[in-house]
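Participant: Below are the chains, spelled out letter by letter.
4 protein chains.
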Amino acid sequence: MEINGVQIDDTFAEAFPIKMARVQITAVTERWALEAAREATGFGTSVIGCSAEAGIECIVDGSETVDGRPGANILICNMGYKNLENSLLFRLGQCVLTAPTTAAFSGMTEAEKQFDTGKKLSFFGDGYQKNENMNGRNVWKIPLMSGDFIVEQSFGAIEGIAGGNFLILGQNQMAALTAAEAAVDAIRKLKGTITPFPGGIVSSGSKVGSKYKFLKASTNTAFCTSLRSDNVCTLAEDVSSVFEIVINGVSREAIQASMKAGIHAACHVPGVLKITAANYEGKLGIHQFPLHRVLE
Amino acid sequence: MEINGVQIDDTFAEAFPIKMARVQITAVTERWALEAAREATGFGTSVIGCSAEAGIECIVDGSETVDGRPGANILICNMGYKNLENSLLFRLGQCVLTAPTTAAFSGMTEAEKQFDTGKKLSFFGDGYQKNENMNGRNVWKIPLMSGDFIVEQSFGAIEGIAGGNFLILGQNQMAALTAAEAAVDAIRKLKGTITPFPGGIVSSGSKVGSKYKFLKASTNTAFCTSLRSDNVCTLAEDVSSVFEIVINGVSREAIQASMKAGIHAACHVPGVLKITAANYEGKLGIHQFPLHRVLE
Amino acid sequence: MEINGVQIDDTFAEAFPIKMARVQITAVTERWALEAAREATGFGTSVIGCSAEAGIECIVDGSETVDGRPGANILICNMGYKNLENSLLFRLGQCVLTAPTTAAFSGMTEAEKQFDTGKKLSFFGDGYQKNENMNGRNVWKIPLMSGDFIVEQSFGAIEGIAGGNFLILGQNQMAALTAAEAAVDAIRKLKGTITPFPGGIVSSGSKVGSKYKFLKASTNTAFCTSLRSDNVCTLAEDVSSVFEIVINGVSREAIQASMKAGIHAACHVPGVLKITAANYEGKLGIHQFPLHRVLE
Amino acid sequence: MEINGVQIDDTFAEAFPIKMARVQITAVTERWALEAAREATGFGTSVIGCSAEAGIECIVDGSETVDGRPGANILICNMGYKNLENSLLFRLGQCVLTAPTTAAFSGMTEAEKQFDTGKKLSFFGDGYQKNENMNGRNVWKIPLMSGDFIVEQSFGAIEGIAGGNFLILGQNQMAALTAAEAAVDAIRKLKGTITPFPGGIVSSGSKVGSKYKFLKASTNTAFCTSLRSDNVCTLAEDVSSVFEIVINGVSREAIQASMKAGIHAACHVPGVLKITAANYEGKLGIHQFPLHRVLE
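Residue numbers (this note's numbering), protein chains in the order written: chain A, 1 to 296; chain B, 1 to 296; chain C, 1 to 296; chain D, 1 to 296.
There could be a bad hint or two in this list.
No distinction is drawn between identical chains; accordingly, a pair holds when it is met within one copy or between any pair of copies.
Said to hold, decoys possible - Straight-line distance between alpha carbons at most 20 Å, and here's what the computed PhoX-like set of lysine-lysine pairs gives: (1) Lys119 x Lys189; (2) Lys211 x Lys119; (3) Lys141 x Lys207; (4) Lys120 x Lys283; (5) Lys130 x Lys113.
No lab work stands behind these hints: they were computed from the structure.
For reference, chain A alone in the conformation it holds in the complex:
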């Protein structure tokens, strides 16, 4: 299979279940909503070493938000609901409540699982917090020095999928990187997914396990082109750099749509040689996304 002359490997991405909550952050302008969203989703690339995996799902305008102001939807992901509840409490409390002019609403009101994060945050009001109804939502109004902070009482969460992915093999590092950027541009236009790594891109794809027993993951040596002389790299001679796009999403459909849009975008960048995907013989997870089927 080829797209725009770029070969698409007949393989699949391996992914795993994760718990996730969507938070709608609004502010006086889109710019301030994004400032809060970036802070709240920072240091959130992988649960291997971060307290959560997090990213900006999409920008939303006043016609789509609870309070009619511009906003950004973010997704926060953890392996278990207990950790997710903590992530919500600390990321909203430290990065959204503290940010200029923001409010925070649940983006998963229908979910069975609900956390009373807003209620817990409301105690910051030191007795002056007030429970109110706002456009059908049960919210807390917390007095701040800069104005009132509005936060929804409950935040819903669901089981989604983490680790959807594809790999971009390039003639050189800049071709592969620009293709990765184009892929992330395309994925950001779609709802239901995030790409939690820096700029949406992974420079350091890993394999499960290591020669060091204290490490659960290590560099994906078979794809490291600087290890050619060590006879470890299995990539074709013309490839000199590989970037990975990792996608977390609310559903299989959302991840498939983002993989499709991202791969198509990457294949329009000159110097891209091949698209493949990362899988780990089932050691990582139960979900499989075959590239050829995703691209149908």
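Since chain A is already given, all that's left is putting chains B, C and D on it; use the hints.
Facilitator: Just chains B, C and D, lined up with the frame of chain A:
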């Protein structure tokens, strides 16, 4: 005392000692260095609920960096050295090693306190990591799918100061917020300090303690203008919003310079009525920054 | 009439016919498409002193563009078709052909009026340009040092409307300015319109004519709050600053939708006191947009 | 000669004299100063088809500006002083006076050549403009709807140099483009120069003349790698894309410093094969910048 017609209160900012490390992140372009720096300093506003306080200190060009590429210096802060070592390990490992084209160097090579963070990260190379000398620095070269990651063996840390601050009192929320933005613009031009809150600005200044025993800090009720009718707010009638700028720095001098530049910038914004500072009768810390002396 | 407590004047915006062309600029990434789009629409606020009125209509992703790459649609406006043809030739030739990785396609293929701008630009190929069919479009491929530039043979143009507008009256300058920014955020989400002034905002609303015979327009003295002591300003005492949003669009419907979205967004910003519109007793143009009807 | 393994051709850049003025634009925040600066320097790549060549020279903070607010310095260039005077009048009148919260000051107060642009713009005040002294500058205060606009009476201009340049030859388009971006990053840190093309980069380097008599310049066929099969391209086989950086500056020294910084930055990007420069047997201009001497 007045600047540009804005009254400067005769009071002081109360601050406290904190441990901090500077990391120089370089990349193929300034844009990619900033992507990594933002991810590595995210979810890093206050040690009350974040694993560290962190921010971008300044952008550096090729003439100032170890490898001649453009970069960004960041500061990472924790109350103790043990936590700071963890912060370095996880924030560099999860947010810089994973970011496209980056390298990471110590920005405090002379410090007495040194952590072997680079050595620990090097095990990700699964045996293929190499120790090298690069422009006088002892670095590890770790093979990645996208290219090699260079990280310095040791990262230095010092005792600095957290909680330098001033408050901007505005005729309305947008005047105070724009003044806060102008203040942060000015502070970002200076080396030696960060403003760790979202966009550099705190919307939710707090007091020490709360009526709820489980809370160490709660909203600064005396400055909440929406609590006027409760006879709690002590601000003048014409003030309707207050934003705080919190500054962490490597030294008293650095914090003073940033407070001075930030206050001057804020006082050029129409609708700003007064500048004051937050202090807590010594409950927060041992450092005092009197506004009038800082502005001399 | 009120929105969110902000009074909406019962008046109308006065606008006039203008000729306009839409150009779809694509590039390897959204960022590079936007760089070209910004350069091509720069120095393009008002035909009073610029060679055209121009702005970015919207960002488009690969599913919406002719060549499947990310892009930006721009609108270029002139009073007559002859000037518009010149604007297309020079703005595309100097700012898009010269920009990294771009291509340029017509965004009004169905229009009766068509200019052979692409054919004219193709001569830059010095005999090596080639005429081709690309996804149903008749394009020229011009060899450049950096790669080939693709430009459509013909660019269509229609008669649209310029000067749709509304005015934001604020308690102070920062409130009115932030509301203007929020309005522009909202308008940019909609297709069919541009806000050609810097950042989408006019700081210097004008009246038709002047005491100086050589000037066709001068400052709108009745709305200048610094002229209160001269008894010239007719605004209420509590207003201290007024910003104007000027909107050009492809149709009455497009301008109405943008006015509605922009006004709603502005009315969510604290410190906004009133919305009105600019009209000139028919001296400016034949189109009227009554605020109350637009907001129905 | 080599830098970082990249060959530097032993050739020179050919440049020509041009008239230029520096304008200091200030605003309430850096962001608004940049909005005005971008609009005022847009559609300003080459005097072949634009009314001026223009660009942002540098960002300046409150300690460097006339009114103590943040700002941006821009350079506007024309072949003759008469055209430059027009450019100042129209670009400041249409793009700076109209932009939120801006002021405009001369950045060349010592120059012999002075234009009374500020005085001319002041008539927009319709008789309510006032002449004042502001921090030693002779300025006009023009009442606007949004507040007062401050503009200096006189703007100075000098003879500078246009067309300083170098070419980046890459293994593929993305390598050459990223190197060009890195070069522009480095040049933007230096005062005294601009890179007027979109994003600072030229994708369409030209030769003087054409087979078509009506064209003064056409694509630089000898460097077009898609013309290899036509036996027109003279580049080595491994080169597949070439981008040019064009630099205008206030002096030989300024252009040399920017060429040096830009070339060094480009040579740090993987996939860059060679640096050369464009010259035209003296047909373009009298200034020569030999690469090896510039890099000493």
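Participant: Of all the hints numbered above, which does this structure not satisfy? Sort the numbers upward.
Facilitator: 1, 4 and 5
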